[in-house]
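Chemist: Next come the chains, spelled out residue by residue.
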Amino acid sequence: MTLLTPLAAAAQPYSGNASPRAGSFEVSGGAAWTRGYDAGSADALLTRPGAAGTPPLTLFNVTGTVESGPGAVARLGVYLARRVSVEATIEFSRPVLRAHLGDDFELATDTDAEETITSYLAGGSLLYHFGAGRIVPFVSGGGGYLRQLHEENAELLSGTEIHGGGGIKYWFGTGRHRFGLRADAQVSSRSQAVAFEQKRRVLPSFSVGVAYLF
Amino acid sequence: MKRLAATVAALAVTIVFAPGADAYLKLGTRVGNRVVDLRFNTFPIRYFITNRDVPGVTAPQLRQSVENAFASWGAVPNLGLSAQFVGFTGINPVSGDDANVIGFTSRPDLERVLGSTSFTVDTATGEVLESDIFLNSTFAWSVAGGGEAGRQDVESIALHEIGHLHGLGHSMLGETELSSGGRRVLGAEAVMFPVAFASGTINRALRADDIAGISDIYGSQAFRDSTGSISGRVTKNGTGVPGAHVVAFNPASGKLIASFTLTPDGAFVIAGLEPGPHILRVEPLDDADASSFLESSFTVDMDFKVAFHNKLVTVPKGGTARSVEIKVVGK
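Going down the list, the sequences are from chains A and B. Going by numbering that gives the first Met the number 0, the residue at position 158 of the first sequence is 157; the numbering climbs one at a time, nothing skipped. Going by numbering that gives the first Met the number 0, the residue at position 318 of the second sequence is 317; the numbering climbs one at a time, nothing skipped.
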């Protein structure tokens, strides 16, 4: 009995199933993408003379969209147990806020007016991993803080974010220190975001990148 | 496409608009080589009502409508505007008696003027020493809450004229069409639009443009800190377009606030804007006589097509958005 225990322990890394242990770190980073969304619409209205209830005159209307833009994500995680880790995330992206201007009362040519937004999402997640081999699926959930700046850093918009989802990690090696690939798919619910109409929005987001375990 | 009213709420005073650095058409007076804003410096503004009834409106009813109109301006937050009715008087609303008088006067010679505001000012400081408003009793008037067919609403016109009394010029936030030798309002989003709503209708609520304008004159530092501005130029073939009407629209709040290019190089400033993205639209000054807005010596370019700026412009809180150039093309 006393002889078998150290042998079993020594066999684990050799088998290629070296699990992260409590205290292991993982850094990862890569490209991120969050789906665009309907930013709301609005009419520029003039009051028409008339009795109460007379419909206003529409000077022009605005239809807004936020188009997904390229982004980058970086994470630093620490394992609390073999299958459980927590990680801090920072995500940066540059979506485009576009307003289509049309139906002008004086027949101005329809125009798209746009602005590029700088968006930062800082947050944290709890991850649970299934298995300890080269291919490791996981689920994750957490929350964060969203900050969005208009061009030239004008007007800061901030809000909270919660997310949930999952992904998969593929490790190239089997040692305690190893490189791998990581893909995440999440649903992100944001209390505020750049738009003409403020409401909570639920958006899918994806990221792919590399990871390093140590 | 745009018409006239038979009636125009005009400002018949020999004053000038304030210079291009200002966001709104404010009334001003020249002091040497500069123009200073007209404004009251002491509140409450004490005023008399001419003790004369006209068909459909008694002097006490006029007093009540004027009180309501002053109250509307006084309700604009953080400005400290107030007015006080002193009493009825037998004198007419004319300048030079050291009293602010509001009343009906028969002016059949002014066949398209519903009302007018005149001033006596301290030409060194721009402080208004006296201001008088007459409503032209040549027209039929009413104080009915919902308007009265064939009659002009006293409170609506008083609200407009009291805007002038506080120092505001005209806004061009409206659309008109030509009709029977005049202009008819199709829609307006400012009480300070120079063409009155058709008789039988009312226009008693201040809009965002009115509030931004009066706040520009009397606003506190707190107001300026909580709002922002957009500045820029309107150009055609690389040269400035003077007298263009520039409208800023906030899609999040639905508020429209406007100004003009007030210099030969087409420069404009729109202040009092809520922070956030705005849409800019430019149109020629063709919905009323240019003289309703600007000095007759100011050359207005109306030869261009209505256009939008192709960038969203985000107004910073307490600051000015980057300078924009809005390019237009000739008709």
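If you are wondering where the hints come from, they were derived from the structure by calculation, not from laboratory data. Some clues are possibly wrong.
[Claimed, not checked] Have a look at the derived ranges for each label pair, beta carbon to beta carbon:
id, chain 1, residue 1, chain 2, residue 2, range
1, A, A73, B, T262, 25 to 33 Å
2, B, P59, A, G52, 46 to 54 Å
3, B, P76, A, S157, 24 to 32 Å
4, B, D224, A, R175, 36 to 44 Å
5, A, S157, B, P43, 52 to 60 Å
6, A, G52, B, S322, 28 to 36 Å
7, B, T262, A, V209, 54 to 62 Å
8, A, F129, B, Q220, 56 to 64 Å
9, B, V30, A, E66, 48 to 56 Å
10, B, I90, A, Q191, 30 to 38 Å
11, A, V83, B, P76, 30 to 38 Å
12, A, G52, B, D264, 27 to 35 Å
13, B, A221, A, A71, 55 to 63 Å
14, A, G101, B, T262, 49 to 57 Å
[Claimed, not checked] Computed, partial: chain B to chain A, Cβ under 10 Å:
id, residue
15, N40
16, P43
17, R45
18, V85
19, A143
20, A195
21, A197
22, R206
23, V246
24, N249
25, L279
26, V281
27, M301
28, D302
29, K310
30, R321
[Claimed, not checked] To spell it out: a stretch of chain B is covered by chain A in this simulated footprint if at least three of its residues, at any positions, have a beta carbon under 8 Å from a beta carbon of chain A; those stretches are:
id, segment
31, 165-175
32, 181-190
33, 313-319
Cβ atoms here follow ideal geometry from the backbone N, Cα and C, with glycine treated the same way.
Chemist: It remains to establish, for every hint, whether it holds in the given structure.
Modeler: Hints and how they fare:
no. : hint                        : verdict
1   : A:A73 x B:T262: 25 to 33 Å  : 49 Å, violated
2   : B:P59 x A:G52: 46 to 54 Å   : 31 Å, violated
3   : B:P76 x A:S157: 24 to 32 Å  : 26 Å, holds
4   : B:D224 x A:R175: 36 to 44 Å : 56 Å, violated
5   : A:S157 x B:P43: 52 to 60 Å  : 42 Å, violated
6   : A:G52 x B:S322: 28 to 36 Å  : 42 Å, violated
7   : B:T262 x A:V209: 54 to 62 Å : 57 Å, holds
8   : A:F129 x B:Q220: 56 to 64 Å : 60 Å, holds
9   : B:V30 x A:E66: 48 to 56 Å   : 52 Å, holds
10  : B:I90 x A:Q191: 30 to 38 Å  : 58 Å, violated
11  : A:V83 x B:P76: 30 to 38 Å   : 53 Å, violated
12  : A:G52 x B:D264: 27 to 35 Å  : 45 Å, violated
13  : B:A221 x A:A71: 55 to 63 Å  : 40 Å, violated
14  : A:G101 x B:T262: 49 to 57 Å : 31 Å, violated
15  : N40                         : 33 Å, violated
16  : P43                         : 29 Å, violated
17  : R45                         : 32 Å, violated
18  : V85                         : 33 Å, violated
19  : A143                        : 12 Å, violated
20  : A195                        : 9 Å, holds
21  : A197                        : 5 Å, holds
22  : R206                        : 8 Å, holds
23  : V246                        : 8 Å, holds
24  : N249                        : 8 Å, holds
25  : L279                        : 8 Å, holds
26  : V281                        : 9 Å, holds
27  : M301                        : 13 Å, violated
28  : D302                        : 15 Å, violated
29  : K310                        : 6 Å, holds
30  : R321                        : 6 Å, holds
31  : 165-175                     : holds (count 3)
32  : 181-190                     : holds (count 5)
33  : 313-319                     : holds (count 5)
Of the numbered hints given earlier, the model fails hints 1, 2, 4, 5, 6, 10, 11, 12, 13, 14, 15, 16, 17, 18, 19, 27, 28; all others are met.
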